[in-house]
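S.K.: Make the full structure from the sequences, and use the hints.
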Amino acid sequence: MALQLAYFAWVRERMGCGEEQVEPPADVATASDLIAWLAARDDRGARAFAEPARIRVAIDGQMMGNDAALAGARDVALFPPVTGG
Amino acid sequence: MALQLAYFAWVRERMGCGEEQVEPPADVATASDLIAWLAARDDRGARAFAEPARIRVAIDGQMMGNDAALAGARDVALFPPVTGG
Amino acid sequence: MIRVVVQDAAIDFATETDRHDAGGHGATASFVGRVRGDDGVTQLFLEHHPQMTERGLADLAHAAADRWRLPALTLIHRVGAMAPGETIVLVLASSPHRAEALAACTFLIDRLKTDVMLWKRETLADGAARWVEPRTADQERAEGWD
Amino acid sequence: MIRVVVQDAAIDFATETDRHDAGGHGATASFVGRVRGDDGVTQLFLEHHPQMTERGLADLAHAAADRWRLPALTLIHRVGAMAPGETIVLVLASSPHRAEALAACTFLIDRLKTDVMLWKRETLADGAARWVEPRTADQERAEGWD
Numbered sequence: 000m001a002l003q004l005a006y007f008a009w010v011r012e013r014m015g016c017g018e019e020q021v022e023p024p025a026d027v028a029t030a031s032d033l034i035a036w037l038a039a040r041d042d043r044g045a046r047a048f049a050e051p052a053r054i055r056v057a058i059d060g061q062m063m064g065n066d067a068a069l070a071g072a073r074d075v076a077l078f079p080p081v082t083g084g
Numbered sequence: 000m001a002l003q004l005a006y007f008a009w010v011r012e013r014m015g016c017g018e019e020q021v022e023p024p025a026d027v028a029t030a031s032d033l034i035a036w037l038a039a040r041d042d043r044g045a046r047a048f049a050e051p052a053r054i055r056v057a058i059d060g061q062m063m064g065n066d067a068a069l070a071g072a073r074d075v076a077l078f079p080p081v082t083g084g
Numbered sequence: 000m001i002r003v004v005v006q007d008a009a010i011d012f013a014t015e016t017d018r019h020d021a022g023g024h025g026a027t028a029s030f031v032g033r034v035r036g037d038d039g040v041t042q043l044f045l046e047h048h049p050q051m052t053e054r055g056l057a058d059l060a061h062a063a064a065d066r067w068r069l070p071a072l073t074l075i076h077r078v079g080a081m082a083p084g085e086t087i088v089l090v091l092a093s094s095p096h097r098a099e100a101l102a103a104c105t106f107l108i109d110r111l112k113t114d115v116m117l118w119k120r121e122t123l124a125d126g127a128a129r130w131v132e133p134r135t136a137d138q139e140r141a142e143g144w145d
Numbered sequence: 000m001i002r003v004v005v006q007d008a009a010i011d012f013a014t015e016t017d018r019h020d021a022g023g024h025g026a027t028a029s030f031v032g033r034v035r036g037d038d039g040v041t042q043l044f045l046e047h048h049p050q051m052t053e054r055g056l057a058d059l060a061h062a063a064a065d066r067w068r069l070p071a072l073t074l075i076h077r078v079g080a081m082a083p084g085e086t087i088v089l090v091l092a093s094s095p096h097r098a099e100a101l102a103a104c105t106f107l108i109d110r111l112k113t114d115v116m117l118w119k120r121e122t123l124a125d126g127a128a129r130w131v132e133p134r135t136a137d138q139e140r141a142e143g144w145d
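Going down the list, the protein sequences come from chains A, B, C and D.
0 is the number of the first residue of the first sequence in numbering that gives the first Met the number 0; add one for each residue after it.
0 is the number of the first residue of the second sequence in numbering that gives the first Met the number 0; add one for each residue after it.
0 is the number of the first residue of the third sequence in numbering that gives the first Met the number 0; add one for each residue after it.
0 is the number of the first residue of the fourth sequence in numbering that gives the first Met the number 0; add one for each residue after it.
Hints should not be assumed to be uniformly reliable.
To be verified - DEER-style ranges, computed between Cβ atoms: (1) A:M0 / D:M0: 38 to 44 Å; (2) B:A49 / D:G143: 53 to 59 Å; (3) D:M0 / B:V21: 33 to 39 Å; (4) D:I1 / B:D59: 50 to 56 Å; (5) D:A13 / B:Q61: 55 to 61 Å.
FYI, nobody ran anything at the bench for these hints, they're computed from the structure.
Here the structure is a predicted model, which is why all the values come from computation and not from measurement.
Where a beta carbon is used, it is the ideal one built from N, C-alpha and C, also for glycine.
M.R.: Here you go:
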């Protein structure tokens with residue numbers, strides 16, 4: 000499953016890039032699984048995703064809960080809680 | 000007791016004047032008494048003060064309840080509920 | 000700074016917002032109330048008391064400033080005759096935080112409808128004039144701040 | 000008419016209030032949020048998502064227009080770098096009645112703090128930068144509209 004990932008704010012800074020394409024293994028079924036997989040993948044992932052409860056997710060342009068399934072997803076954005084206004 | 004009265008809005012229109020000086024009898028002790036006395040005094044008073052519950056009072060520049068005493072008062076304003084804004 | 004004005008002249012929003020010191024305060028809420036012409040109203044006349052109207056507005060402004068942090072507060076009410084579309088009242092409230100600016104703005108417009116000596120008279124297209132009756136809903140909203 | 004803008008350029012209040020069709024609507028409430036410099040902040044940077052930020056604001060604007068009568072609604076959020084005193088966000092809401100204009104304005108500013116993809120980063124006088132943490136109070140205010 001190829002996914003286009005986008006990172007924002009301190010997630011982007013810690014990952015050292017704003018976007019990348021990934022091919023997670025088949026057992027990465029939900030957004031939470033993806034976050035855990037990225038955290039385990041390398042040092043920058045470990046830094047960005049050390050606290051999964053502080054990560055929010057949007058899948059194909061929709062804000063979703065972290066338990067959302069990735070089946071059929073193309074674009075996944077990962078970011079901290081928003082602070083606009 | 001000499002009182003300087005001021006009327007506003009439809010009270011003023013029905014009284015045909017914006018202010019007047021009056022000398023109510025000694026048994027006119029409260030704003031309500033004054034309203035009843037004006038209503039009984041003549042036709043214009045009867046028209047302006049037919050519904051005492053719709054009349055508001057300010058005594059010497061302070062909004063007061065209609066049961067407020069007139070002892071020591073100089074200026075009394077009589078008017079309908081306000082509708083600003 | 001608290002600024003309260005009762006005026007016959009038209010209220011100019013741009014002039015007043017420039018004059019209102021919104022500078023470093025984080026949040027500014029405003030409210031503009033205009034004459035509505037939708038019931039066939041061709042003119043609105045606001046009657047006021049030469050002293051007590053301004054004093055009533057000033058009392059409300061100080062009550063708001065006691066209740067919330069409001070480094071800048073402007074409250075302007077027009078009186079006399081005005082046409083549909085013209086501004087009757089303008090409130091500008093600035094605070095470090097949005098909740099206070101918005102609450103102050105809402106409080107002031109709610110309370111001035113019931114607490115300040117002002118009376119509206121509408122003139123209709125046929126020339127008939129009628130004094131506006133107070134609305135129960137306005138009374139209830141105003142009492143909600145007690 | 001609903002107008003939603005995400006822009007790098009400075010937000011000009013007078014231009015936007017002129018453009019906002021406040022004309023015959025009786026009540027217009029506005030909210031302006033500015034960069035505060037009081038914690039030694041010298042610059043604020045707003046990061047956004049190229050598509051989802053504007054869509055999130057538009058969704059909120061339509062949610063407000065479904066909930067209240069809002070013949071004119073303007074919602075503008077600045078992104079990128081800005082200095083203390085500059086405007087971050089502007090809301091203008093017009094309605095026949097004040098309660099709806101004020102509620103819409105409050106709703107929009109409360110909800111955009113929790114629902115829209117925007118992230119604030121502050122730069123301090125010593126050059127250090129920090130991402131602003133979300134506030135529990137903002138979350139609670141936003142949930143109050145559910």
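S.K.: Against the structure shown, which of the earlier numbered hints fail to hold, in ascending order?
M.R.: 2, 3, 5
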